[in-house]
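J.: Each chain, letter by letter, is given below.
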Amino acid sequence: MRLDERSPAGSGSARDEAAVAASRLDIGHPGDVVVSGIDLVVPPRSSLALVGTNGSGKSTLIRTVIGLIPPVGGSIEVFGAPPGRRPTRVAYVAQSHAGAHVLPIRVLDVVRMARFAHLGLLGRMSSTDHDLVRWAMEAMGVADLGRAALRSLSGGQRQRVHLAQALARRADLIVLDEPTAGLDAGGRERYLEAFAGELHRGAAIVTATHDIGEAAEYDQVLLLARRVVALGGGDAVLTPDRLLETFGVVIHDTHEEHAGRFTVAERGRGGPQTIETRRPDG
Amino acid sequence: MGPLIDPFLDNGFMLRALLAGLLVSVACAVAGTFVVLRGLACLGDALAHGVLPGIAAAILLGLPGILGAAVGAVVMIGGVALVTRRTRLSSDTAIGLLFVAMLALGVVIVSASDAFKGDLVAILFGEILGTTPEQLLLMAVAAVAVIVVAAIAARPFLLLSFDPEQADVSGFPSRRYHALMLLLVALTIVVAFEAVGTLLVFGMLLAPAATGALVAHRIGLMMAVAVAIGALSTYVGLLVSYWFDLAASASIVLVAVAIFFVVLSVTSLREPRPTRAAEHETVGAEAAGRHR
Numbered sequence: 115m116r117l118d119e120r121s122p123a124g125s126g127s128a129r130d131e132a133a134v135a136a137s138r139l140d141i142g143h144p145g146d147v148v149v150s151g152i153d154l155v156v157p158p159r160s161s162l163a164l165v166g167t168n169g170s171g172k173s174t175l176i177r178t179v180i181g182l183i184p185p186v187g188g189s190i191e192v193f194g195a196p197p198g199r200r201p202t203r204v205a206y207v208a209q210s211h212a213g214a215h216v217l218p219i220r221v222l223d224v225v226r227m228a229r230f231a232h233l234g235l236l237g238r239m240s241s242t243d244h245d246l247v248r249w250a251m252e253a254m255g256v257a258d259l260g261r262a263a264l265r266s267l268s269g270g271q272r273q274r275v276h277l278a279q280a281l282a283r284r285a286d287l288i289v290l291d292e293p294t295a296g297l298d299a300g301g302r303e304r305y306l307e308a309f310a311g312e313l314h315r316g317a318a319i320v321t322a323t324h325d326i327g328e329a330a331e332y333d334q335v336l337l338l339a340r341r342v343v344a345l346g347g348g349d350a351v352l353t354p355d356r357l358l359e360t361f362g363v364v365i366h367d368t369h370e371e372h373a374g375r376f377t378v379a380e381r382g383r384g385g386p387q388t389i390e391t392r393r394p395d396g
Numbered sequence: 036m037g038p039l040i041d042p043f044l045d046n047g048f049m050l051r052a053l054l055a056g057l058l059v060s061v062a063c064a065v066a067g068t069f070v071v072l073r074g075l076a077c078l079g080d081a082l083a084h085g086v087l088p089g090i091a092a093a094i095l096l097g098l099p100g101i102l103g104a105a106v107g108a109v110v111m112i113g114g115v116a117l118v119t120r121r122t123r124l125s126s127d128t129a130i131g132l133l134f135v136a137m138l139a140l141g142v143v144i145v146s147a148s149d150a151f152k153g154d155l156v157a158i159l160f161g162e163i164l165g166t167t168p169e170q171l172l173l174m175a176v177a178a179v180a181v182i183v184v185a186a187i188a189a190r191p192f193l194l195l196s197f198d199p200e201q202a203d204v205s206g207f208p209s210r211r212y213h214a215l216m217l218l219l220v221a222l223t224i225v226v227a228f229e230a231v232g233t234l235l236v237f238g239m240l241l242a243p244a245a246t247g248a249l250v251a252h253r254i255g256l257m258m259a260v261a262v263a264i265g266a267l268s269t270y271v272g273l274l275v276s277y278w279f280d281l282a283a284s285a286s287i288v289l290v291a292v293a294i295f296f297v298v299l300s301v302t303s304l305r306e307p308r309p310t311r312a313a314e315h316e317t318v319g320a321e322a323a324g325r326h327r
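Top line first, the protein sequences correspond to chains A and B.
Numbering-wise (my numbering), the first sequence opens with residue 115 and increments by one.
Numbering-wise (my numbering), the second sequence opens with residue 36 and increments by one.
So that you can see chain A by itself, here it is in the shape it has in the complex (with noise of 0.2 Å):
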């Protein structure tokens, strides 16, 4: 159990406690149900993909989860308790980044910010924050930018920053939204590694993302198209018959090697569209 050598004295009635617990879930804002009658667990040392188009229902339903909305019915428990109530235990990453471009403020600020949460107001960042936020940059590899400012960077290496502080966070329950958008190959790898390590270290994980071939590698997909397409292991879920459910159109299903492999065509505004996705590792 490493979950025991870490978890502070007086929280280990919460420590078998589900990341995420929703039953009959309905999700979106009062009158405009987006998604209704979700029901899933998300124990520790998991992984859930939230799949689907934009529109979806998946940023609504991560909103949802780190407690920005709250549930329109049904209920919803992170660790026991609503949404948001444990800022300690969870880290998220945005899709977009509001105020990251004007800010006049290092890489190194930026990811000192994941330990504000333990911190408080006026707390001191002793030599384990130190340790963390070092070891988060470099899993991340941006160690040797601490001293660059934040809007003189790449979007690229701006999203590594934005990992590295959700790292540094060293949540229980990690929630990230399009994670692997604007990462070059090199950023990819590391993000893949690190968090395959917080995986292991006993973190949940929940991501959305357009990757077909990363929501495999997930202990379960979820699919989504303002309604639960399907919920289950990658291999019963990314099948071509729902993935055309959930996207609208699948054109083909090669199935190159071991890997799944998959075309998908949207439709989008200006026609359909073609997305192709396959495995990280391929």
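These are computed hints drawn from the structure, not numbers from a lab.
None of these values were measured; they are calculated from a predicted model.
Glycine included, each C-beta is placed from N, C-alpha and C at the ideal position.
Take these hints with a grain of salt, some might be off.
As the list claims (entries may be wrong) - Here are some chain A residues pointing at chain B (derived, C-beta under 7 Å): (1) L182; (2) P201; (3) A208; (4) L217; (5) P218; (6) R220; (7) F230; (8) H232; (9) L235; (10) G237.
What the hints assert, rightly or not - Computed far set for chain A versus chain B, every beta-carbon distance over 10 Å: (11) V155; (12) G194; (13) T202; (14) H211; (15) R341.
Go by the hints and put chain B onto chain A.
T.: Positioned in the frame of chain A, the structure of chain B alone reads:
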């Protein structure tokens, strides 16, 4: 000691004006930094002008103007919060409407009274040369309060500037700290208007902090630069106004804005393309992300 120092040593009102300007500079640097970082310029502007009817009403009732300013600021913040929460209009629209309403109300109140002519100019442009020791004390207390609050709430304010959602996820409710930040800005405006006026206080709030944002890569450093530039502007502006017999508060604000443009041209000469290019790249990446 010469023309650079004598005016302040020989005239009590000049020394008090200098002190008032320095205190206003400190408060404005701290509050202004967050106004710039959070993109609250529009709200800051509206707040600065929105206090006008409060001040006018207070003077009409024989109460201290500062009390009316405080009420005006609170009404303004509350009104903006209410309109943005109840409608799907952007906050800019709500702020614009309230700003115009408050300004019009101020003028209506002023026009209802005959005894206002001199006071109105003082409200709009400040009376820094007429600063009293009591006002100085109040400014000092307010400056200290602004610094203390900003220091205590530094982490949530940083998270809020970075990404309000990240503040929420980190256990610092963004709505609460946003309100605190607005109160900080309001407090600064309320105590600074007597020195530099409701029209010009906005310049002191924005110009030094914006200059700091041009040169600093850390928020603390940005504030320090803003304080230094505010102080320099106060000193130079007062001197210019003394020797050339110009309006004091307007001279101070003009110097502050002039420094911003000088620094802007120097920094854009030194690094003409990189920031531009990075911005474009980011915008492109974001657009791509949205369409995927």
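J.: Does the nearest C-beta of chain B fall within a distance shorter than 7 Å of the C-beta of H232(A)?
T.: Since chain B brings no Cβ nearer than about 9 Å to H232(A), farther than 7 Å, the hint is violated.
J.: In terms of Cβ atoms, is chain B entirely out of 10 Å range of H211(A)?
T.: For H211(A), whose nearest Cβ neighbour in chain B is about 6 Å away, the distance does not exceed 10 Å, so it is violated.
J.: How about L235(A): closest beta carbon in chain B under 7 Å, or not?
T.: holds, 6 Å
J.: Can the hint on P218(A) be confirmed by a CB-to-CB distance to chain B that is less than 7 Å?
T.: Where the cut-off is 7 Å and the nearest Cβ of chain B is about 5 Å from P218(A), the hint holds.
J.: Just double-check V155(A) for me: nearest Cβ-Cβ distance to chain B has to come out over 10 Å.
T.: For V155(A), whose nearest Cβ neighbour in chain B is about 21 Å away, the distance exceeds 10 Å, so it holds.
J.: Let me know if the C-beta of G237(A) comes in closer than 7 Å to any C-beta of chain B, holds or violated.
T.: Because about 9 Å separates G237(A) from the closest Cβ in chain B, which is outside the 7 Å limit, the hint is violated.
J.: Hint check: is the beta carbon of L182(A) less than 7 Å from a beta carbon of chain B?
T.: holds, 6 Å
J.: Given a cut of 7 Å on the nearest C-beta pair, is the interface hint for P201(A) held or broken against chain B?
T.: With a minimum Cβ separation of about 3 Å from chain B (threshold 7 Å), the hint on P201(A) holds.
J.: Are F230(A) and chain B close enough, Cβ to Cβ, to be under 7 Å, as the hint says?
T.: Hint on F230(A): holds, closest Cβ of chain B at ~5 Å, below 7 Å.
J.: Quick check on L217(A) please, does its C-beta sit within 7 Å of some C-beta on chain B?
T.: holds, 6 Å
J.: Does T202(A) really sit off the interface, with its C-beta more than 10 Å from all C-beta atoms of chain B?
T.: Violated: least Cβ distance 7 Å, not greater than 10 Å.
J.: Hint R220(A) vs chain B: min CB-CB distance below 7 Å?
T.: holds, 6 Å
Against the hints set out earlier in the document, violations occur for numbers 8, 10, 13 and 14.
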